[in-house]
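Q: Model the full structure from these sequences, guided by the hints.
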Amino acid sequence: MALLLPWVTGVVLVALDGRRRDVGWLAVAVLAATLALLAVLTAQVLTGGSRDVLTGGWPAGVGIVLHADVLGVTFATLSVLVLLAATAHEVLAGVRERVFPGLVLLLAGGLTGLFLTGDVFNFYVFFELAMTASYALTTYGGGPRQLRAAMVFAAVNLLGSFIFLISVAGTYRVTGVLAMHQVAERMPGVDPNAAILVAAGFFIAFSVKLGLFPFHFWLPTVYAGSRPAVAAILSGAVANIGAYGLLRFGPGMFPGQLRLAATALVVLGAVSLVYGAVLAVARGDVAESLAYSAIGQVGYVLVALGVGGPVGLTAAVLYSIVNALNKTLLFLAVEIRGVLVAGAFAVGALSVAGVPPAAGFVGKLEMFRAGIVVGSASLVVLLVVGSALSLVYMFQIYQGRFWRADPSAQGPASVLSLRLLTAAVALLVLATGLWPEPLLSVSGRAAEALTAESVGTAGAPG
Amino acid sequence: MILAFALAAAVLFGCGAYMLLKRDLLRVVGGIMLISQSAMVTIIGSSQSRGRAPIGVQPGDVVSDPLPQALALTALVIGLATVALLLALVHRVIVVFRTAEVDELAAGEAEHEAALEAQRQADRAEAS
Chain E
175 MALLLPWVTG VVLVALDGRR RDVGWLAVAV LAATLALLAV LTAQVLTGGS
225 RDVLTGGWPA GVGIVLHADV LGVTFATLSV LVLLAATAHE VLAGVRERVF
275 PGLVLLLAGG LTGLFLTGDV FNFYVFFELA MTASYALTTY GGGPRQLRAA
325 MVFAAVNLLG SFIFLISVAG TYRVTGVLAM HQVAERMPGV DPNAAILVAA
375 GFFIAFSVKL GLFPFHFWLP TVYAGSRPAV AAILSGAVAN IGAYGLLRFG
425 PGMFPGQLRL AATALVVLGA VSLVYGAVLA VARGDVAESL AYSAIGQVGY
475 VLVALGVGGP VGLTAAVLYS IVNALNKTLL FLAVEIRGVL VAGAFAVGAL
525 SVAGVPPAAG FVGKLEMFRA GIVVGSASLV VLLVVGSALS LVYMFQIYQG
575 RFWRADPSAQ GPASVLSLRL LTAAVALLVL ATGLWPEPLL SVSGRAAEAL
625 TAESVGTAGA PG
Chain W
40 MILAFALAAA VLFGCGAYML LKRDLLRVVG GIMLISQSAM VTIIGSSQSR
90 GRAPIGVQPG DVVSDPLPQA LALTALVIGL ATVALLLALV HRVIVVFRTA
140 EVDELAAGEA EHEAALEAQR QADRAEAS
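Residue numbers (the working numbering), protein chains in the order written: chain E, 175 to 636; chain W, 40 to 167.
Hints listed in this document are in silico derivations from the structure and should not be mistaken for laboratory results. The reader is advised that the hints may include incorrect statements.
Unchecked claim - Label-pair ranges, simulated between beta-carbon atoms:
(1) E:Gln-218 to W:Tyr-57: 38 to 44 Å
(2) E:Pro-388 to W:Leu-65: 44 to 50 Å
(3) E:Ser-615 to W:Gln-97: 53 to 59 Å
(4) E:Arg-270 to W:Tyr-57: 35 to 41 Å
(5) W:Ala-45 to E:Leu-608: 54 to 60 Å
(6) E:Ala-368 to W:Gly-99: 28 to 34 Å
(7) W:Arg-91 to E:Ser-550: 53 to 59 Å
(8) E:Ser-552 to W:Ala-157: 39 to 45 Å
(9) W:Asp-100 to E:Arg-270: 55 to 61 Å
(10) E:Leu-608 to W:Ala-127: 44 to 50 Å
(11) W:Val-96 to E:Val-548: 52 to 58 Å
Every residue gets a Cβ at the ideal spot worked out from N, C-alpha and C, and that includes glycine.
A: As structure tokens, then:
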């Protein structure tokens, strides 16, 4: 239901002229309705356990299975929330191209489907739906930089998609099934060489989406080149595909291979973290610094994933959520001016650096807990260094952006409603930092759902 | 048979990767198309059984696995759509930039870089 709504209206809205205000607001309303439906679904899943829906009335095994568990609904709700904020921002600022609202809705449909599907191949289909919408979104603005960004983004990510597809074929070959829970059941009995190959294929595909260190080369061009609202969508919603995929396919389907590669993951994550932070300090351009910061931030998620176990996975889920919110806030606040904006940006900056009242603190705290649980001093030191560097570059951006005496940087204040929206997102970040209990328990349960599945499969005969 | 599929997929992927690294944007699109075909071959090669098409089968016949064929069909349609989108994008790039070479696209980025450097120098001058 939450899936059909954005999809159908998206198709209708693509045909309508999105530059008109009412069409834009309709898109915002549909996104809000989807968010409400997902919130209801989340509440149901949290109280009554995960739910399965068979589409089209086919028997299980033939029909398409939609599987809503805690992890899936959390990511779906988060992504729709980010899309809602970005679309509202763009509608308030004035939409410049007619297809924008429709594309965002299609993207919402694709993302919701992706987070809620229970089948590896459907994952690919929804994945392509979401990615195609986001390729078109990247061109939004239509200037040379946007086009270049879109070209790079589309070429690199299509390569990632096809690597994913080849891995899906490999999964089918070695297990004979495509439903996620069945794959997880049969994985322990598979030839280890084939299994590690397939797992590596999935890992590469998701790392390309997420922009992890060796696969990050496309990310700064794209984030810096696209419009702020689109950059917010890409880093806050589309990048969630990578994080969700790593969580779902790693501990959920290939736990053995994940344990095998844990050290490599921690090292890659650490390199990503330091590299992103150092380059973010070095760059002068705000959007580019934020893009490198995004590379650094996903490094944390990978480190947490490599640490593994309930604590590590909780940290990974939590950090993905917090990071998506932070990046949305920062990218939205970058382009506008005025009284509330500096405050909102400061909240986002402090949150990235992990200073207490903001949500980032909770994420960092979980990360430190994961580091302490594995008893690795070097990991804790690394996290401290990463946080310190992020404080440096966030402060640099803030200084350059809001304190510079240069009159060209001091444009007239933006529309009040835009500033209020940014402030609202900032308040959300603050609120999750001040009252982190629900977020903590949700990520804990999401991680539990993942480990419970893999524990159940480890006990089952291959 | 599997070896033939594997070889075909490998050759397609290799050619695609080579073309992807070319300067001409149309060749980049061609490379992506070849890689997508390599994925199709892999899907078909991953079927669990081989035999007649599973239409109107008699009991006892060996049928080929229908699932990968359904997957390949779906993936082909998606591949078609993405290639169409990519070609539209290339068309747009050619209209805006009057070129289809990656180098000339990068020239715009270099200008941006130079502007940034100038700004940094202004900052330094201000600080000292």
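Q: Does each hint hold? Answer for all of them.
A: Here is how each hint holds up against the structure:
Between E:Gln-218 and W:Tyr-57 the beta carbons are some 51 Å apart, a value that contradicts the proposed interval 38 to 44 Å. Between E:Pro-388 and W:Leu-65 the Cβ separation comes to about 28 Å, which falls outside the hinted range of 44 to 50 Å. Taken as a hint, the range 53 to 59 Å holds for the pair E:Ser-615 and W:Gln-97, whose Cβ atoms sit roughly 58 Å apart. Separation of E:Arg-270 from W:Tyr-57 is about 38 Å and conforms to the stated range, judged on CB atoms against 35 to 41 Å.
Separation of W:Ala-45 from E:Leu-608 is about 56 Å and conforms to the stated range, judged on CB atoms against 54 to 60 Å. Between E:Ala-368 and W:Gly-99 the CB atoms are about 31 Å apart, so this pair conforms to the stated range of 28 to 34 Å. Distance hint for W:Arg-91 and E:Ser-550: a CB-CB separation of about 58 Å, consistent with the stated range 53 to 59 Å. Against the hinted window of 39 to 45 Å, the Cβ-Cβ separation of E:Ser-552 and W:Ala-157 comes to about 40 Å, which satisfies the hint.
At roughly 60 Å, the beta carbons of W:Asp-100 and E:Arg-270 sit within the given window of 55 to 61 Å. Separated by about 47 Å at the C-beta atoms, E:Leu-608 and W:Ala-127 satisfy the suggested range of 44 to 50 Å. Taking 52 to 58 Å as the suggested C-beta distance range, the pair W:Val-96 and E:Val-548 conforms, at roughly 55 Å.
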